[in-house]
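Asks: Just so you know, the sequences run in chain order A and B.
Residue numbering for the first sequence follows UniProt numbering, starting at 1 and increasing by one per position.
Residue numbering for the second sequence follows UniProt numbering, starting at 1 and increasing by one per position.
Derived by calculation from the structure, the hints in this document are not laboratory data.
Incorrect hints may appear among the rest.
[To be verified] Where chain A lies over chain B, by a calculated footprint (3+ residues, C-beta under 8 Å):
1) 84-98
2) 252-263
3) 322-331
We put the CB at the ideal spot given by N, CA and C, even for glycine.
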Amino acid sequence: MSTVTADPAPGRVGLPTKLRQSWDKNWSAWAMVVPVVLVLAILIFYPLINGFWISFTNQTEANQLAEICTKSITGGEVCKENPNAWSFVGLDNYANVLSGKVGEFWMWTANTLVWTVVGVAFHYGLGLGLAVMINRQMRFRGLYRVLLVLPWAVPAFVSAFAWKFLFNERFGVINEMLGWVGVDPVAWFDSRWTSMFTAVVTNIWLGVPFMMVALLGGMQSISDELYEAAEIDGASPWQRFRAITLPGLRPVSMTVILLGTIWTFNMFPIIFLVTEGQPAGQTEILVTGAFRAAFEGLRNYSLASTYGVLILSILLVFSVFYRRVLRKQGEVW
Amino acid sequence: MRRINKGLAALTSVALAFTIAACGEEKSGSTETKAADPASLSAELTWWDTSDAKNEGPAFQELIANFNKTYPNVKINYQSVPFAEAQNKFKTAAAAKTGAPDILRAEVAWVPEFASLGYLYSLDGSELLADESDYLAAPMASTKFDGKTYGVPQVTDSLALLYNKELVQKAGVEVPKTWAELKTAAQAVKQKTGVDGLYVNAAGYFTLPFMYGEGGDLVDTAGKKIVVNSEQNVAGLKVAKDLIDSGASVKPSATDGYGTMMTLFKEKKVAFIINGPWEVNNIKSAPGFGGVENLGVAPVPAGSAKAGAPIGGHDYVIWSGVPQEKAAAAVAFVKFLNSAESQAFLAEKLGLLPTRKSAYDVASVKSNAVVSAFKPVAEAAVSRPWIPEGGQFFGPLDQMATEVLIQNKDAKASLDAVANKYKAEVVPSYATN
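Put together the whole structure using the sequences plus the hints.
Replies: See the structure below:
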């Protein structure tokens with residue numbers, strides 16, 4: 001850098017020369033990289049940066065235009081300056097959201113954490129259990145596999161509506177079945193945690209097949225010789241599971257847990273369709289709450305961007321933390 | 001000579017009569033001048049109908065067929081768009097300046113919002129407003145924003161007390177006029193027939209009759225003040241809460257409350273509900289209900305101040321992105337759809353309440369039991385705040401209704417939270433209590 005300021009000539013000549021040499025040598029690589037960089041810039045970096053920028057303004061649907069024009073059906077158009085045109089507001093949006101003045105950020109965050117942790121724990125636990133069961137030689141194995149993957153094949157909104165109906169307070173099958181064993185019908189959607197329970201159950205039902213298939217794949221890549229050797233050494237099934245299956249599944253598990261966490265965290269349709277955020281918005285998670293706050297009624301673009309940036313930040317912090325934990329355990333990923 | 005004179009006089013008088021008739025016709029609607037040759041009007045128009053596709057849609061399609069008898073070269077692309085999606089869909093399309101329908105059936109609260117965003121044609125000076133005085137004042141008010149008119153009212157409605165005549169008769173009770181009377185009537189129904197008396201839907205719009213009944217309101221647009229957390233509204237909610245706590249009303253559910261209410265009413269499992277004329281056709285065709293003969297309609301019961309229900313309904317609006325060449329066709333279509341005859345047709349078919357005074361004079365409307373039952377209801381309806389933010393009042397209000405009526409939270413505290421939300425998110429320039 002100092003050489004450049006002291007004697008600009010080599011820098012000016014040097015860089016183009018270097019570039020030209022590089023181009024001469026690797027022109028094909030350059031030519032192939034450029035479209036990708038362009039596409040990424042247009043599809044990802046521009047919206048991302050634009051989103052950041054909008055979150056520092058107070059842009060909404062109503063104030064995004066500097067002037068509003070009214071056309072008359074008889075011809076003619078009157079334009080007048082928008083008295084409330086948008087402006088830069090600094091960190092106001094973040095202050096409003098984080099202080100709870102607008103929306104219910106902290107309640108949504110708490111809901112999201114419960115939703116994600118419980119969901120992923122059950123996905124992984126049940127998926128692992130089913131994968132172990134199905135990995136053994138048994139009759140009708142193919143049939144079981146098909147049946148267990150079925151929830152995955154049904155479109156999510158269909159399952160959501162089905163479960164919502166099952167939990168219906170008056171007409172639902174679940175309350176009817178509770179009635180058979182003498183339990184009073186439960187008003188599932190009347191309180192925060194029973195309502196959340198219905199959504200979590202739906203999500204578990206939907207998410208287990210993926211975990212099962214992924215873990216089954218992982219198990220089949222573990223060498224049979226290891227099990228045979230362990231059996232000869234007299235290891236019990238539980239010991240074999242702990243000493244061979246679990247460590248062998250580790251790379252797969254880490255990936256699917258990370259994926260599952262991000263997916264569940266951002267899982268929109270289940271909450272939106274099953275509980276609808278009821279009662280009174282108390283089961284809203286970050287993505288659904290942000291959607292309602294920003295897009296129901298007047299569209300508040302700046303608020304939506306603010307939520308977007310906050311959600312992205314939470315997920316970034318999580319993945320950085322997760323990677324660090326993995327690295328500490330010697331996983332190169 | 002005399003004969004000739006006579007003949008001439010007769011001729012002149014006939015000619016005179018013709019001219020007068022022609023003049024009269026010209027005066028009655030300037031369309032007639034253009035309609036001299038409706039076939040010359042040629043365009044393709046898209047119409048988003050937000051009415052119920054199954055119960056109401058066919059009647060509107062019949063109207064289009066009638067329209068095409070006079071205007072064979074105006075093709076109408078009829079698209080049924082679910083009411084719940086139409087607002088967002090229209091805004092997305094209008095903001096993108098492409099894909100919005102030429103004509104939209106917009107809910108009354110949407111009109112000022114769309115107009116403030118520049119998405120609608122102002123109709124001032126067009127023949128659509130030539131006979132503006134024929135429209136009822138309350139629904140007409142919803143089409144105005146900032147001194148201009150952006151739509152014509154298609155249908156007006158309001159909430160009323162709907163009841164199952166058979167059950168009410170069996171219980172031997174009078175049709176209630178106050179909330180207190182409703183409470184005793186509902187309890188009597190439950191005692192005598194074993195069927196639930198009342199279903200109070202825990203949603204914002206449906207709590208308004210309770211609030212209006214005590215003299216409350218949401219905001220004071222003239223004084224630019226948020227009054228949603230007033231004493232009157234607290235008192236109104238207590239009335240509603242008492243109906244539920246005393247067992248007069250079924251305990252409402254937090255999701256699908258509206259659907260549950262309708263299912264129970266149609267299956268004769270509840271005697272009284274509070275709902276609007278838009279469900280009449282649905283109730284009428286429900287198997288086992290007993291048809292429209294069994295449906296009773298009364299104004300919403302009164303609180304300590306008055307009986308008040310919110311005004312609702314829909315307006316026809318024209319998207320501002322429609323090219324000027326198509327404007328004449330769009331105007332002709334809306335004019336036809338909203339003529340007194342068409343309104344009378346819809347009233348007869350669907351029980352929709354006309355917005356034209358002249359439509360109420362049509363014989364078939366006059367003799368329609370449902371329409372005449374709803375007419376006083378609509379006339380007494382309380383106007384809502386016609387500001388662009390009007391539609392956003394209901395989100396916080398819905399939450400409040402769930403909290404108070406289902407979760408037993410304190411009405412005052414919940415209403416205070418609504419007021420804070422209005423101040424922070426909906427109308428920041430308004431003063432709070």
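Asks: Given that the region 84-98 of chain B was listed as covered by chain A, double-check it with a C-beta distance under 8 Å for 3 or more residues.
Replies: This one holds; 3 residues, not fewer than the three required, reach chain A with a Cβ under 8 Å.
Asks: Three residues minimum, CB to CB under 8 Å: does the region 252-263 of chain B make the cut for coverage by chain A? Let me know.
Replies: Check passed, 6 qualifying residues.
Asks: Go check the region 322-331 of chain B versus chain A for me, would you? Three or more residues, Cβ under 8 Å, otherwise it fails.
Replies: holds (count 4)
Violation of the numbered hints given earlier is absent; every hint is satisfied by the structure.
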